[in-house]
Amino acid sequence: MPQSFAKNERLKSKQSITALFNEGKFIRKKFLALKFLPTGDALPHKVAFSVPKRRFAKAVDRNRIKRRILEAYRLNKHLLADFEGSSLHLILMYNTSQEYDFQEIEATLKKLLAELNNLSGKASFLS
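Numbering of the sequence shown is given in the working numbering, commencing with residue 1 and proceeding in unit increments.
For the record, the hints were derived by calculation from the structure and aren't laboratory data. The hints are all genuine.
Quick list of the computed label-pair ranges, beta carbon to beta carbon:
no.: 1; residue 1: Arg-28; residue 2: Arg-64; range: 20 to 28 Å
no.: 2; residue 1: Ser-4; residue 2: Ala-81; range: 16 to 24 Å
no.: 3; residue 1: Arg-74; residue 2: Ile-27; range: 13 to 21 Å
no.: 4; residue 1: Ala-6; residue 2: Ser-97; range: 26 to 34 Å
no.: 5; residue 1: Arg-64; residue 2: Ala-42; range: 31 to 39 Å
no.: 6; residue 1: Gln-103; residue 2: Gly-40; range: 34 to 42 Å
no.: 7; residue 1: Lys-14; residue 2: Arg-54; range: 16 to 24 Å
no.: 8; residue 1: Gln-98; residue 2: Asp-41; range: 32 to 40 Å
no.: 9; residue 1: Gln-98; residue 2: Gln-15; range: 27 to 35 Å
no.: 10; residue 1: Arg-64; residue 2: Arg-10; range: 14 to 22 Å
no.: 11; residue 1: Asn-8; residue 2: Ala-57; range: 29 to 37 Å
no.: 12; residue 1: Leu-70; residue 2: Leu-43; range: 12 to 20 Å
no.: 13; residue 1: Glu-71; residue 2: Ile-27; range: 17 to 25 Å
no.: 14; residue 1: Phe-5; residue 2: Ala-107; range: 15 to 23 Å
Since the structure is predicted, the reported quantities are computational estimates derived from the model, not experimental observations. Just so you know, even glycine gets a beta-carbon here, dropped at the ideal spot from N, CA and C.
Model the full structure from these sequences, guided by the hints.
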């Protein structure tokens, strides 16, 4: 799997994001939260990133954190399982007012992806 983040991997559709928030499942580790929804679509997985304006008033800070999360995801997206040929819609949310460095973000993201892979083997995952 290439270590790029193509335009078609970004979750942009308002309908998809609304469905993700209404029907998706939730995992949290430390300061990162992951909301996910299995779809019947073909690969690739689609991802969005969120950093709250309430906690980081300056856009510079929000964008820096989003870049760190995106880079951590880009380098570790190979850890996501194939899920029997279907894809996932994901949103990664940063849930703290403290700014963490890249290594901590990457370690936490790896834990989230590992837990997501563990959940994928359960029968309730696709329902």
